[in-house]
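*Asks:* Chains as they are written, first to last, in this note's numbering: chain A, 1 to 617; chain B, 1 to 617.
One thing to keep in mind: the hints can contain errors.
Since copy identity is lost for identical chains, a pair holds within one copy or between any two.
To be verified - Straight line, CA to CA, 25 Å or less: simulated DMTMM-like cross-link-like pairs of lysine to aspartate or glutamate: (1) Lys252 x Asp474; (2) Lys562 x Glu516; (3) Lys252 x Asp163; (4) Lys399 x Glu256; (5) Lys252 x Asp170; (6) Lys399 x Asp247; (7) Lys123 x Glu256; (8) Lys579 x Glu486; (9) Lys579 x Glu181; (10) Lys319 x Asp163; (11) Lys50 x Glu174; (12) Lys50 x Asp555; (13) Lys399 x Asp214; (14) Lys562 x Asp410; (15) Lys560 x Glu264.
No lab work stands behind these hints: they were computed from the structure.
There are 2 protein chains.
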Amino acid sequence: MDDKADSIKVIFEPEGRTVHVAPGTTILQAASQAEIMLETPCGGKGHCGKCRVRVSSGAAPPTPADEKIFSKRLLAHGMRLACQHRVTAPIVVEVPEEARFFGQKILVDGIRNDVALDPTFRKAFITVPAATLEDQSSDFDRLKRQLAPLSAQQLAALSIIRDLPGSLTDWHNELTVVMQEHHIVALEAGNTATACYGVAVDIGTTTVVGMLVDLCTGTQCMVASRINPQVPRGDDVISRLTYIRDDHTGLKDLHERIVGCINEIVAELCEKSGIVPDSIYELTAVGNTTMSHILLGVNPGKLAESPFAAVVRESVAVKAAEMGVRINPRGSVYVAPNIAGFVGGDTVGVILATGMMHGQGNRLAIDIGTNGELVLASHGRVVSCSTAAGPAFEGARIKQGMRAANGAIDKVFFNEAVEFTTIGGQPPRGICGTGLIDSVAEMVRTGVVDYTGRIINPDEAPLPGFLKSRIVADGDSNDFILVESEKAHSGHAIRLTQRDVREVQLAKGAMRAGIEILMSELGVTAQDIDEIYLAGAFGNFIRESMARQIGLLPDVSPKKIKFVGNAAGTGARMLLMAKPCRAEADMISTSVRYVELAGRPDFQQAFMMSMLFPGAA
Amino acid sequence: MDDKADSIKVIFEPEGRTVHVAPGTTILQAASQAEIMLETPCGGKGHCGKCRVRVSSGAAPPTPADEKIFSKRLLAHGMRLACQHRVTAPIVVEVPEEARFFGQKILVDGIRNDVALDPTFRKAFITVPAATLEDQSSDFDRLKRQLAPLSAQQLAALSIIRDLPGSLTDWHNELTVVMQEHHIVALEAGNTATACYGVAVDIGTTTVVGMLVDLCTGTQCMVASRINPQVPRGDDVISRLTYIRDDHTGLKDLHERIVGCINEIVAELCEKSGIVPDSIYELTAVGNTTMSHILLGVNPGKLAESPFAAVVRESVAVKAAEMGVRINPRGSVYVAPNIAGFVGGDTVGVILATGMMHGQGNRLAIDIGTNGELVLASHGRVVSCSTAAGPAFEGARIKQGMRAANGAIDKVFFNEAVEFTTIGGQPPRGICGTGLIDSVAEMVRTGVVDYTGRIINPDEAPLPGFLKSRIVADGDSNDFILVESEKAHSGHAIRLTQRDVREVQLAKGAMRAGIEILMSELGVTAQDIDEIYLAGAFGNFIRESMARQIGLLPDVSPKKIKFVGNAAGTGARMLLMAKPCRAEADMISTSVRYVELAGRPDFQQAFMMSMLFPGAA
């Protein structure tokens, strides 16, 4: 191959990597020589269609396998299967992302990369040898022998054994075995080994997100989401618990709503990615303790009253059919373990995704959704708590608050004038969480709001004219006009009221006080903190400078703040993709110490202090 | 206690063991001092009523606990709870067998005594502490903590977790947990810890036997049996396989018949021993491979044709509800593993019960039921085979043959006259298996039948007159009149025909030839054999001298022959009572080598030779 006289040049794009190969070498082999790994679940036999590349220059005529996989248009465009195309002349090959094999490491949204693809469900295509007088072993023994390299011991449900003799006959002994750990859960006709999917679901109090994952490759194929259909029964956890306690059909209602929502998401994921629900064998779910209980159909009513004890902390795995979740009925639904009554599987997901329990140092995770969950890890010791912080940040309880939808004011700057942006660039309809924090932060910075949270009177202190004119009396207190009536979508001015500012103070105060309590529990000061992870739909959009301005976060260098996105959802995906993560989740569930804030005098004290705004004092 | 001046004498009967104890010592403590162990599942609290003894001399007045447990009549008779009765004066105590604690060793019908009671199902009565602000752990965690000494990790089905909050409230936190290994399978109100039963079933082709076992003590409480209701569909395995193959409802029919039969047996066991079916949590079953498949609802049709491969060899455990077996629906049905298509779980049970795979030496087990299964173990190597020997021995295919029921001739002696006994001492109706073997053995011994199996002509050789007169021509061959018409129940003579003798020859020939093949497989001669186990309803009643007379057994010393009763059933009971036996059964199932006799020239040769009768040649 090194003799370039007899060898042919192959260039791989976009790397521009060049190798010289002997005539007749496949592109797959050439790519391997160039250290570019391609997907080949079928072993390079031209069946699976995964190693698709574009020969942008010098393409040979399509092979019959190419013609089966590609349309005429794509063939004309140079698309070929790398395993089938033999090099006979110099070529340039473009390797698309989806054809690349990313080995066994999953890069999870840049947070952790030490998790290997190791799902609980696997498939294997096998041919079962017929029995003979020399080999009279049972049908099931002969089947298992073909699986021997995969696992020493295989068990099967009785229904599978009952079907086995007929299946072997009907399928001419060629079948795909679906395994969940050491259990054979299904047999499928022929070779379906590369169609094995899972769905990871993050059940928020307000939003439900589902992610479709190819369990053969670890690739996330598609995302879909819905507003949690439980919202009409109460916009926070407490109101849903009350509904369950007061209405004897409440649990059933909420359970059916969330299962229905998950089924809609699964159906959308299937439709958009062109797969059948039966090829999805596992669904993992994270959610707060109340959401997890409701999904399981377990009554969480005791969480509404002191001592706030949950029914179940453990992870629970159930047959999909038993749960009514419309993936393969022989598949499994795994619900992540909880930590305590108000720190649930979603927080376990955040801890898992950030890897914050590993290694040394002091790390703080803040997951702001409808609730605010806080976790502090200090040299292996981990504490957590929960604060009812969220609804203000999600626009609830704010006079002109709204969700982060089109027309929501999401960024606010007080420069020479009051400037803002809206989602979708549309005329402003209201204020969403980030816009709210921005506004309050700017009002604090400019002195419109004093350190106690009061909107001052226009002449109480020196203010630029463009701000002064916006402070208007409303009964005993003042409002701040964020958008004049002529610029607003409704024709009415968008105002922030004194009460709105108080809501922000309560929310951020509770959260900051929780942080202070956790720090004091572990003897950690703001200076000791090495990293802060901001997670959750809201956490991800908040501007770090604004969060510090209002005193939501301890006073740490901005470099220490990391936005980790929907870390709970990432955790759900890790639980789907890697068995060892489940053991880690169990460990997190039992070893994180929950700190109950209710009735603690030091929390009340910290809460009072934390409601004040910093700097302006 | 050694100071006899202050101590009181207690004599335990029937041992006559004497101890001296301090006044106020309980009989339970005194018994312990005398090294007599009593049953105390309730821990000596006077609840369970198991430590019942009779104070035959010097009884103190009954305690309230005594009055709850015993009738006035029994109290007057001196019955007392040993844990409650305090010694205040010299007494004599009779300790009945049922009050004695036999430690952890089960003596299994005198075959093995190295098996410890260790069932898969256990119960524990617990009180779950209420949650507090100091202990906010989940309901399930608080429940599991009470079980901690029993097992590190407990899992529960979702339905149990769903019921948990309501159960804790309804039952005032006092409940009994039913565990199957590490799984919590049920919760019961209050304390039901001592009501935990199992049923072991031996499914013969002809007879089904069920044994009720107290899983707290290992005691066998009751036995019930039925004729297998599949018999009307064919009296041997082959005819049932044919029925299944030829009739598409055949499998369903036979499956429902055997499940119905088991349910009848369970109902009878419950009724007769005064327990409820819900307190039975496990049922174990052994049977030949066809019986096991039918019980599981797995089509064994392939066993009817070469290469005679089974569908499943493994043991299978199924929820009782799924199988339709009417024990506790959350209980389990365990079906023992098979060895090959015609050596099933019943043979695994025989190997288990005899312990023949352990240790050194050469041991042969012969289980004669409707089929004859043979196992030879030689210094750790084990081979087995099956011969279609049985029906002749069960009276089928014999002209005047019948089952071992009232009126069946079961023993025959040719002394000065033809003498016989019948079952129940009733007038003779026909011949059962043992009577048949006896008759043929005596005919061989006296020369009525020559070594080729032919019934000779009356004058062909010198015979005593009482025999000669009984040989009568019947076409080309002769019959032997066993019972004259005037002595028979029907008024017609009971005859053994030439064809009947041939049936015995075929059956014993096949069995003996199987033994020879196994011996040659392992290089064992008759002289090398250390023990022969005769098992099965038939094996247990056959007279060893007669079996040797007709050449059924190799020529070994009678001392080496052991009758082990229904060893398959004993195996089923061991599988019920001791988890480690299941691992041993799995090991037996995979390590015993099956020898297929069909089509083997050496078997044909051995069969020809084995049909001849010994000695007379």
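*Asks:* Against each hint, give a clear statement of whether it holds in the structure.
*Replies:* Comparing the hints with the structure gives:
1. Taking the shortest alpha-carbon separations for Lys252 and Asp474, neither the intra-copy value of 45 Å nor the inter-copy value of 81 Å comes in at or below 25 Å.
2. Proximity of Lys562 to Glu516 under the C-alpha cut-off of 25 Å is restricted to the intra-copy arrangement: shortest distance 19 Å within a copy versus 80 Å between copies.
3. With identical chains, the CA atoms of Lys252 and Asp163 are at most 25 Å apart between copies only, with a shortest distance of 14 Å across copies and 35 Å within one.
4. In this homomeric assembly, Lys399 and Glu256 never come within 25 Å of each other (Cα to Cα): the closest approach is 32 Å inside a single copy and 69 Å across copies.
5. In this assembly of identical chains, the alpha carbons of Lys252 and Asp170 lie at most 25 Å apart only when taken from different copies (21 Å versus 42 Å within one copy).
6. Proximity of Lys399 to Asp247 under the C-alpha cut-off of 25 Å is found in neither arrangement, the shortest distances being 29 Å within a copy and 76 Å between copies.
7. Proximity of Lys123 to Glu256 under the C-alpha cut-off of 25 Å is found in neither arrangement, the shortest distances being 31 Å within a copy and 35 Å between copies.
8. For a Cα distance limit of 25 Å, the shortest separation of Lys579 from Glu486 qualifies neither inside one copy, at 57 Å, nor across copies, at 81 Å.
9. Taking the shortest Cα distances, Lys579 and Glu181 sit within 25 Å of each other both inside one copy (9 Å) and across copies (23 Å).
10. When the C-alpha separation of Lys319 and Asp163 is checked against a cutoff of 25 Å, the pair qualifies both within a copy, at 19 Å, and between copies, at 18 Å.
11. For a Cα distance limit of 25 Å, the shortest separation of Lys50 from Glu174 inside one copy, 22 Å, qualifies, whereas the shortest one across copies, 59 Å, does not.
12. In this assembly of identical chains, Lys50 and Asp555 lie within 25 Å of each other by CA distance neither inside one copy nor across copies; the values are 50 Å within and 70 Å between.
13. Taking identical chains as interchangeable, the C-alpha atoms of Lys399 and Asp214 are never at most 25 Å apart, the minima being 44 Å within one chain and 69 Å between chains.
14. In the homo-oligomer, the alpha carbons of Lys562 and Asp410 lie at most 25 Å apart inside one protomer (20 Å), although the nearest pairing across protomers, at 90 Å, exceeds that limit.
15. Taking the shortest Cα distances, Lys560 and Glu264 never come within 25 Å of each other, neither inside one copy (39 Å) nor across copies (73 Å).
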